[in-house]
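J.: Residue numbers (numbering that gives the first Met the number 0), protein chains in the order written: chain X, 0 to 463; chain S, 0 to 305.
For the record, the hints were derived by calculation from the structure and aren't laboratory data.
Predicted, not measured: the structure shown is a model, and the values here were computed from it.
Cβ atoms here follow ideal geometry from the backbone N, Cα and C, with glycine treated the same way.
Errors might be hidden in some of the hints.
[Claimed, not checked] Per the computed footprint, the stretches of chain X lying under chain S, defined by three or more beta-carbons under 8 Å from a beta-carbon of chain S, are:
no.	region
1	332-340
2	446-452
[As the list claims (entries may be wrong)] When the alpha-carbon atoms are kept at most 20 Å apart in a straight line, the in silico SDA-like pairs for lysine to any residue are as follows:
no.	chain 1	residue 1	chain 2	residue 2
3	X	135	X	232
4	S	149	X	445
5	S	177	X	398
6	S	1	X	429
7	S	162	X	403
8	X	436	S	0
9	X	416	X	135
10	X	186	S	3
11	S	1	X	185
12	S	177	X	186
13	S	118	X	453
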Amino acid sequence: MLFNSLIFTLFLPIVFTIFWITPAKHRNLFLLIASYYFYYSYNPYFLVLLIGTSAFDFWCAKKISQSQKKKFFLCLSLISNLGVLFAFKYFVFFYNSIVGGFNLHFNFLNQFIIPAGLSFYTFQSISYTIDVYRGKYLPKDKLQDFLLYVSFFPHMVAGPIVRYNDLMPQLKVVTYFKNINWEQSIKLILWGYFKKLVVADNLNNLVTPVFNNVTSFSSLELCIASLGFVIQVYADFSGYSDIAIGVAKLFNINLNINWRRPLFSTSLHEFWKRNHISITNWFRDYLYIGLGGNRKGKFRWLLNIFLVFIISAMWHGANFTFLIWGLWHAIFFIIEIIYLERFKKFNAPKVFGWTYLIVFHTISLIAFRANSIIDLKYIYKQLFNLNFDFSLLKLFELNDLSLYIVMIISVFILLFKDLHEEFNLLKNNRFKDVLFKPAFYIVIAFLIVAFGNFNSNAFIYFQF
Amino acid sequence: MKRIILYILIFLGLLYAFKYFHYKNLLSAKIGFYDKYNTIFNKTNNFDVLFLGSSRAQMHYNTKLADSILNFNSFNVSYNGANIEQAFNLLKCYLRKSKAPKTIFYEIDYHVLKYHEDKWMDFQNLFPFIENNDTYNAIGKSDNRFIYAKNCIVYSIANLGIKNISTGFQYFFNKNIKSDSLYYKGYFKNNLQLSQNVFSNEFKYQWFNLKDRAFLDSLIYCCKTNNIKLNLITSPIFGGGKLDVLNHTQIISQLKNIALTNKITYRNFSSLKFCNQRNLFIDQHHMNDKGANLFTEFLCKELKKN
Numbered sequence: 000m001l002f003n004s005l006i007f008t009l010f011l012p013i014v015f016t017i018f019w020i021t022p023a024k025h026r027n028l029f030l031l032i033a034s035y036y037f038y039y040s041y042n043p044y045f046l047v048l049l050i051g052t053s054a055f056d057f058w059c060a061k062k063i064s065q066s067q068k069k070k071f072f073l074c075l076s077l078i079s080n081l082g083v084l085f086a087f088k089y090f091v092f093f094y095n096s097i098v099g100g101f102n103l104h105f106n107f108l109n110q111f112i113i114p115a116g117l118s119f120y121t122f123q124s125i126s127y128t129i130d131v132y133r134g135k136y137l138p139k140d141k142l143q144d145f146l147l148y149v150s151f152f153p154h155m156v157a158g159p160i161v162r163y164n165d166l167m168p169q170l171k172v173v174t175y176f177k178n179i180n181w182e183q184s185i186k187l188i189l190w191g192y193f194k195k196l197v198v199a200d201n202l203n204n205l206v207t208p209v210f211n212n213v214t215s216f217s218s219l220e221l222c223i224a225s226l227g228f229v230i231q232v233y234a235d236f237s238g239y240s241d242i243a244i245g246v247a248k249l250f251n252i253n254l255n256i257n258w259r260r261p262l263f264s265t266s267l268h269e270f271w272k273r274n275h276i277s278i279t280n281w282f283r284d285y286l287y288i289g290l291g292g293n294r295k296g297k298f299r300w301l302l303n304i305f306l307v308f309i310i311s312a313m314w315h316g317a318n319f320t321f322l323i324w325g326l327w328h329a330i331f332f333i334i335e336i337i338y339l340e341r342f343k344k345f346n347a348p349k350v351f352g353w354t355y356l357i358v359f360h361t362i363s364l365i366a367f368r369a370n371s372i373i374d375l376k377y378i379y380k381q382l383f384n385l386n387f388d389f390s391l392l393k394l395f396e397l398n399d400l401s402l403y404i405v406m407i408i409s410v411f412i413l414l415f416k417d418l419h420e421e422f423n424l425l426k427n428n429r430f431k432d433v434l435f436k437p438a439f440y441i442v443i444a445f446l447i448v449a450f451g452n453f454n455s456n457a458f459i460y461f462q463f
Numbered sequence: 000m001k002r003i004i005l006y007i008l009i010f011l012g013l014l015y016a017f018k019y020f021h022y023k024n025l026l027s028a029k030i031g032f033y034d035k036y037n038t039i040f041n042k043t044n045n046f047d048v049l050f051l052g053s054s055r056a057q058m059h060y061n062t063k064l065a066d067s068i069l070n071f072n073s074f075n076v077s078y079n080g081a082n083i084e085q086a087f088n089l090l091k092c093y094l095r096k097s098k099a100p101k102t103i104f105y106e107i108d109y110h111v112l113k114y115h116e117d118k119w120m121d122f123q124n125l126f127p128f129i130e131n132n133d134t135y136n137a138i139g140k141s142d143n144r145f146i147y148a149k150n151c152i153v154y155s156i157a158n159l160g161i162k163n164i165s166t167g168f169q170y171f172f173n174k175n176i177k178s179d180s181l182y183y184k185g186y187f188k189n190n191l192q193l194s195q196n197v198f199s200n201e202f203k204y205q206w207f208n209l210k211d212r213a214f215l216d217s218l219i220y221c222c223k224t225n226n227i228k229l230n231l232i233t234s235p236i237f238g239g240g241k242l243d244v245l246n247h248t249q250i251i252s253q254l255k256n257i258a259l260t261n262k263i264t265y266r267n268f269s270s271l272k273f274c275n276q277r278n279l280f281i282d283q284h285h286m287n288d289k290g291a292n293l294f295t296e297f298l299c300k301e302l303k304k305n
């Protein structure tokens, strides 16, 4: 079940209504059943995997706190989680690499399906057992509450990755219907759908055909599609997070903000503090710090940063194009560190920083989106060619002009919204609260219905 | 809570206002797709010959040419992807307001059998017409989505799509869309040419199922009761149809039997000698305007002979 599917528009009101009429002590059980149904609708078999891995982690965490062999049970939990992740995500990659390398023609794994949100719920489980091992929490919870913590449906398949101390206390307190923050919830859900259905999915009509057939397009067209993808991936993923946070608010549960307008960053350092915050923090707390962080000398510190970027790139997908994307970020991140150390007092105007970030992000994201290394090489060659081709003919043949108009207008609305949130453009006054805001959101809702792409395109990050 | 309900009501009001504005614009078209279906669903007509069927009928029977050669007053009542049930529904809608024609040429071949879903293709284009209850009753039953579209404003607007909305706006500013000028009395002139490697053997065997037969029988019965002379025709198919279906000959003989049993005429032009000329087709199922002119002329000569 996707957030942008017709069935979700039935699922959410039903779950919402039953949740609030259920006695408080049974609400978590009901939410757990609803979450499992949500996941079951993707693939019934993988529900067994979800229940199995999270129940096993629950058991491991208990054992870590009770037994003397803490390390053994932590390893058991890590092996089970990473084993499942490896088996589903990376086995196909290694298999294909070996088969491709030897020119063999067995391709029975081509149709292999990866469980939706596998790495999101796996990471969440891992963070819990590691924190129990570090003595941060005592595993005193009921199995039912822990299972709900892992599988709470708004964030289960594509994040945000929620920490135990953020979510579990909220699951244990009795909440009241009157406390629902309607305004925040509806606002987030509306923006989420606007970003996904109007911005990301319409941009997809431009980006996908170009990246699927790169040799047919000019340098300028490749450039536009690459910029389009930068906006698409932001709108798609932050749209999902907004919907997830908004839906969770309907159950009086606050999930942490996951995207803080990363495209307004003026450096790569700032970008990673604003972009996909929950996963960045996860890598920082459980991988970077685990590797020693900055405590083991400068060379080891930079090496740790490099490794974190490479591992996080490979987390996105077992593919060489992701590896290149990771390399771009690792190298530039380290260059920024060295630069900041050398020129501490030099403050470049923000506009330079922003331009650098956007250019760098666009170039690196081409590696993220390219279908193969050959395509990637071709695009880079076209973009950095002295004979830059400025033709736009193919792009106009691709889609109706009206679609491009909608794309441009919707991107401007999103830009206006983000600018307002960043710089507080509209000062609070009565006119804004009483008339402008409601009217604006009604128009946004109308734009979603009229110009949204309702072909149930999956969210980009589902594959990760 | 009260405020939220008020906002929802304003939002719904906005959607209804937009729907009214948009449908009005679409129905104001003087030529093109919307004019064609406005003629079929809403106008009172006096055509003496109708060409009925799917996109193949729409692109293969040049009404202008047929009118000039045989002195017809013809109209092409066809819809892209229309199966027998949908063609029959179109005819019923037409007969509701218009005088029954003397003759109907129904384009029939394996394409109209239920090899695909029995949903109306590009169903959102028909939304302005289902506002009329009679049309809704005629076509709504054959596709559940019309029921949702008629009764749920959010569903209907969400399914329109950017292209459809843009068309409405263009009509509002008195501008025609590109394809409008390609329509003439229901015939659609397509001037593309068959490209290489367009062949797909997606259907290996095709048969009339019970539903197809039932609707074909109903169509034949409807024509008889209205004193309409029904002609079944299979127009040219690239490669004679044998590239698509392995049992093409059986389907043709089945059609011959149906025609014989019901004492109606069946003409099979699926393997005329120009069926192998690439320059007359846009894909393996559809002829371009050059092919359509050649075929219409050929058909008119055949009709003249008889």
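J.: Against this structure, judge whether each hint is valid.
T.: Hints, verified against the model:
1. 332-340: Answer violated; 0 residues pass the 8 Å Cβ test.
2. 446-452: It holds: at least three residues are needed, and the region 446-452 of chain X offers 4 whose Cβ sits within less than 8 Å of chain S.
3. X/135 x X/232: Between residue 135 of chain X and residue 232 of chain X the Cα gap is close to 35 Å, so the pair fails against 20 Å, i.e. violated.
4. S/149 x X/445: Distance of about 18 Å is within 20 Å: holds.
5. S/177 x X/398: Roughly 14 Å separates the two Cα atoms, so the pair holds.
6. S/1 x X/429: holds, 19 Å
7. S/162 x X/403: Holds: residue 162 of chain S and residue 403 of chain X sit about 11 Å apart, inside 20 Å.
8. X/436 x S/0: At roughly 16 Å apart (the allowed maximum being 20 Å), residue 0 of chain S and residue 436 of chain X satisfy the hint.
9. X/416 x X/135: violated, 39 Å
10. X/186 x S/3: holds, 12 Å
11. S/1 x X/185: Holds, because 14 Å separates the two Cα atoms, which is no more than 20 Å.
12. S/177 x X/186: violated, 39 Å
13. S/118 x X/453: holds, 18 Å
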